[in-house]
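Trainee: Residues per chain are reported as follows:
2 protein chains.
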Amino acid sequence: MDRIKSKDSVWASKIMTPDEAASMIEPGMTLGTSGFTPAGHPKVIPPALAKKLTSLSKENTVNLYTGASVGDELDGELARGKVIHRRLPYQTQNDVRNQINDGSICYLDMHLSHVPDQLRYGYLGKVDVAIIEAVGITEQGEIIPSTSVGNVPVFLDQAQKIMIEINTSQPEALEGFHDIYMPQMPPHRKPIPILSASDRIGSPYYQIDPEKVAAIVYSDVEDSVGDFKAPDGMSQCMAQHLISFLEKEVQAGRMPANLRPLQSGVGATANAVLAGLQASGFKDLQFYSEVIQDSVLNLIDSGTFSFASATSLTLSKSGRDHFYGHMKDYRNHIMLRPQEISNHPEVIRRLGIISMNTAIEVDLCGHVNSTNIMGNRMMNGIGGSGDFTRNAALSIFMTPSTAKNGDISAIVPFVSHCDHTEHDVHVVVTEQGVADLRGKCPKEKAKELINECAHPDYREALQEYAETYFQHHHIGHQPSEALSWHARFIKEGTMKSR
Amino acid sequence: MDRIKSKDSVWASKIMTPDEAASMIEPGMTLGTSGFTPAGHPKVIPPALAKKLTSLSKENTVNLYTGASVGDELDGELARGKVIHRRLPYQTQNDVRNQINDGSICYLDMHLSHVPDQLRYGYLGKVDVAIIEAVGITEQGEIIPSTSVGNVPVFLDQAQKIMIEINTSQPEALEGFHDIYMPQMPPHRKPIPILSASDRIGSPYYQIDPEKVAAIVYSDVEDSVGDFKAPDGMSQCMAQHLISFLEKEVQAGRMPANLRPLQSGVGATANAVLAGLQASGFKDLQFYSEVIQDSVLNLIDSGTFSFASATSLTLSKSGRDHFYGHMKDYRNHIMLRPQEISNHPEVIRRLGIISMNTAIEVDLCGHVNSTNIMGNRMMNGIGGSGDFTRNAALSIFMTPSTAKNGDISAIVPFVSHCDHTEHDVHVVVTEQGVADLRGKCPKEKAKELINECAHPDYREALQEYAETYFQHHHIGHQPSEALSWHARFIKEGTMKSR
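The listed protein sequences correspond, in order, to chains A and B.
This note's numbering runs 1411 ahead of the 1-based position in the first sequence.
This note's numbering runs 1411 ahead of the 1-based position in the second sequence.
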């Protein structure tokens, strides 16, 4: 009870068990939850809800809208119960992924910054219940967010009912790390007044109508983020290419010595890049991104990063221990914003972000596939990569040049699914090197990608394709040939022609 | 001489003939010119330049950077002389198109709003000479733009030398219709303070360093824009579907009665939509777009549009006569901005624009091809369609459901080139009807597109494809099948299976 400072009796009257909260959620409802990659999601109501829904005989599904990927307590429990009908905007959970790919979950793969407006504009139906994690309620009845913000502000605004999980495993000292700001609707919308990654423009709290609160549930389940793995050789190699490239951009006078604010995806390659920055001579960089991983803390500790703005604190157990032990030191260096703001095109274009994301495959024109393997198996989703890529001052994609023991080339004639178009992709990095596509036409891009990024095993075949279809054309693909490498892999298990 | 009000002798000293101006332009140079679709381009120096360059024996090409498409005096003369090496960011001229497609012109097909930043960031090389059309020079030595703004501000800023064509066929009364604003470079960039299509944020003039002026040439060649053609039945039918859809959005409460600010592409379908709005009951709409065509004048006259913001006044001879006869009446209803601002993601997202553009083809997931027929013949380029589509509150694409007497279906299993991804396309309109893709997953989008937009001749085959590859998948394309319709057209002259 000491996490609720407000004396208003309305709060205490709503405290209940997860089962009691879940009993208010009916099949057919749309749930909007906290949680982002996968920090700060609700962890005790969803399992109770899964239990309830699976016990129903029919019509037992709900729609699940989140910030991005969420933990097993939410996506995993509901998916294993087969009770998710519609899911947006991003996921990384195995059971959810399988049900998306067999067609049983209806998945909307959306730009993360687009969700709030599409909800407000009425394109995604009504949100019935917002279920959010918090660390407490202030004397004034404001809600203190936990380790992520995500889409919570818009869910709280749009939902009929609100359920709050107060997670006592998350420290109350998280108070003050958040900056909650919600744009008005057009035609009353104002500029978002962020001029630097560290600018505070809103409130540290969610303001809600207490009348909408249907349940308050206590939880002590920790965020579960896998341990930070030391980067492998492949990731380190790509990271080194990328950092050398940035150094050359500074030398060429195209960037200041402290670069421009960085955005970084999540995962092994992103971690390697961040670790590589740690070892580089760069200082006083800004980070304006989605996710703060363990490596970002190290970069702040060393002065490489002066400030990190994101929408989630996705820390491993040891990262959390470190952070919780030094929160005072991080207070002027970290801010968590709604994903609508962390990923907002207005801010990204204004700040001149360098975006760094991973690709599944890249084609000879520079189109990037981020989502569907062989054009027919959804991995995770586009996430924030589009929000950043198309508004960045410099957009970078990274991928190993091959996959499946060399049987798949990441540089292909034609992407089997397009998430980022030729009009937006500036730089591609593989372990082979860096292709700089800026200022180039398709045939020049093809040459650069083949020479700098393709694996030697595939260079000759790509060269042949480029000579046939690009040399005396703008883009000269023949539909019967464009996807032949993918077709060969499916038929023969390799993209290599024998 | 009376078009130059400044008493500074620097101006008069630079007056010369087109041939004298052209003599200062050397092969290998990059030219940045005025001109947008195709108003306000320079009209007398380029033909003189074409003559000079074609008389040289070798190494006789230049790079041509413009706002968008430009008139025959520029693109046509230089292309027929075979003296264009590199061209960006958009074109619609036959000779240029042919040389792009045979690989002899290196074409960078760019988002129109991206050109200024990519120049400033140093990605597109140096601009040697800016050649711009103007209607005069003020007492203070400021330049009064003519019928378009386009990329002129950034070209003037970046170019080593400036050449000005003072076009006496364009009235001096154009003074005051322009609003010239140039964002600073990060990290000093501020919010663009446009809160409404009619907001003035800059100066009516270009401010330049007179020392950079290399030539002033007089011209009296009129803009040549084809006459406004009455919409055909196909276009009228699509326009009617679109307007009914917007009316239903208002009825459903998803839009105010005066909609949201409209962006409209150029061409027959766009004209039909604008003509249809004229006949509709809508009033007091705002237009925040790229191009003001004749039909926009009519919409202002009738009160359907209260304000039109764009980057060019692309008027036919009769449209110009009407406009020039009533400039006083239009002064508070029309503003011309740099294309960086007319197409800026920040402003588009803030105002909540409804974007309306044409597609070449749309696939069952909602990906749109705007540029390359059969994936291998460049039509014009992406233009501003991406700038608007991906930041719009509502993004709409229009296309007849078939082309080539029915042998091509515009609704295809898989696009042969992707310019706009599934993540960004909200609504598709054909003469068959309106597919509303909002809030839908791929299999639902496929169903909607087949039922509402596909031509009856292709519905059954599309249905079969969707059942095979979407019903029990998220997106289940097989690479060997995805482009089979295009391959069949190339082989057999029709997408219909016999």
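In short, the hints are calculated from the structure, not lab data.
Check before you lean on any hint, since a few could be wrong.
Heads up, the list lumps identical chains together, so a pair's fine if it works in one copy or across two of them.
Claimed, not checked - Distance condition first, Cα-Cα at most 27 Å in a straight line; then the derived DSSO-like pairs of lysine-lysine:
#: 1; residue 1: Lys1469; residue 2: Lys1858
#: 2; residue 1: Lys1851; residue 2: Lys1572
#: 3; residue 1: Lys1623; residue 2: Lys1858
#: 4; residue 1: Lys1416; residue 2: Lys1572
#: 5; residue 1: Lys1907; residue 2: Lys1659
#: 6; residue 1: Lys1537; residue 2: Lys1851
#: 7; residue 1: Lys1537; residue 2: Lys1425
#: 8; residue 1: Lys1537; residue 2: Lys1493
#: 9; residue 1: Lys1493; residue 2: Lys1425
#: 10; residue 1: Lys1694; residue 2: Lys1601
#: 11; residue 1: Lys1425; residue 2: Lys1462
#: 12; residue 1: Lys1537; residue 2: Lys1858
#: 13; residue 1: Lys1851; residue 2: Lys1469
#: 14; residue 1: Lys1462; residue 2: Lys1815
#: 15; residue 1: Lys1694; residue 2: Lys1463
#: 16; residue 1: Lys1659; residue 2: Lys1728
#: 17; residue 1: Lys1858; residue 2: Lys1907
#: 18; residue 1: Lys1493; residue 2: Lys1851
#: 19; residue 1: Lys1851; residue 2: Lys1416
#: 20; residue 1: Lys1425; residue 2: Lys1469
#: 21; residue 1: Lys1462; residue 2: Lys1493
#: 22; residue 1: Lys1469; residue 2: Lys1815
#: 23; residue 1: Lys1493; residue 2: Lys1469
#: 24; residue 1: Lys1815; residue 2: Lys1640
Trainee: With 27 Å as the alpha-carbon cut-off, assign the pair Lys1537 and Lys1493 to within, between, both or neither.
Mentor: within (22 Å within a copy, 58 Å between copies)
Trainee: How would you label the pair Lys1537, Lys1425 (within, between, both, or neither) given a Cα cut-off of 27 Å?
Mentor: Classified as within: same-chain Cα gap 23 Å, cross-chain 65 Å, threshold 27 Å.
Trainee: Given a CA cutoff of 27 Å, do Lys1469 and Lys1815 count as a within-copy pair, a between-copy pair, both, or neither?
Mentor: neither (41 Å within a copy, 49 Å between copies)
Trainee: Please sort Lys1537 with Lys1858 into within, between, both or neither, judging by C-alpha distance up to 27 Å.
Mentor: between (49 Å within a copy, 23 Å between copies)
Trainee: When no copy is specified for Lys1462 and Lys1493, does a C-alpha distance of 27 Å or less occur within a copy, between copies, both, or neither?
Mentor: Close inside one copy (11 Å), not across copies (72 Å); limit 27 Å.
Trainee: At most 27 Å between C-alpha atoms: does Lys1851 with Lys1469 qualify within a copy, between copies, both, or neither?
Mentor: For Lys1851 and Lys1469, only the inter-copy Cα distance (23 Å) is at most 27 Å; the intra-copy one is 57 Å.
Trainee: How would you label the pair Lys1694, Lys1601 (within, between, both, or neither) given a Cα cut-off of 27 Å?
Mentor: Classified as between; 24 Å across copies, 33 Å inside a copy.
Trainee: Treating 27 Å as the Cα threshold, decide for Lys1659 and Lys1728: within, between, both or neither.
Mentor: neither (37 Å within a copy, 52 Å between copies)
Trainee: Is it within a copy, between copies, both, or neither that the alpha carbon of Lys1694 lies no farther than 27 Å from that of Lys1463?
Mentor: Answer is neither; intra-copy 52 Å and inter-copy 52 Å both fail.
Trainee: Can you give me the call for Lys1493 and Lys1425, within, between, both or neither, at a CA distance of at most 27 Å?
Mentor: neither (29 Å within a copy, 77 Å between copies)
Trainee: When no copy is named, should Lys1425 and Lys1469 be tagged within, between, both, or neither for a Cα gap of at most 27 Å?
Mentor: Answer is neither: 30 Å inside a copy and 83 Å across each miss the 27 Å cutoff.
Trainee: Classify it for me, Lys1462 with Lys1815: is the Cα-Cα distance of at most 27 Å met within a copy, between copies, both or neither?
Mentor: Result: close neither inside a copy nor across copies, 39 Å intra and 57 Å inter.
Hints 3, 5, 9, 14, 15, 16, 19, 20, 22 from the earlier list are contradicted by this structure; the remaining hints agree with it.
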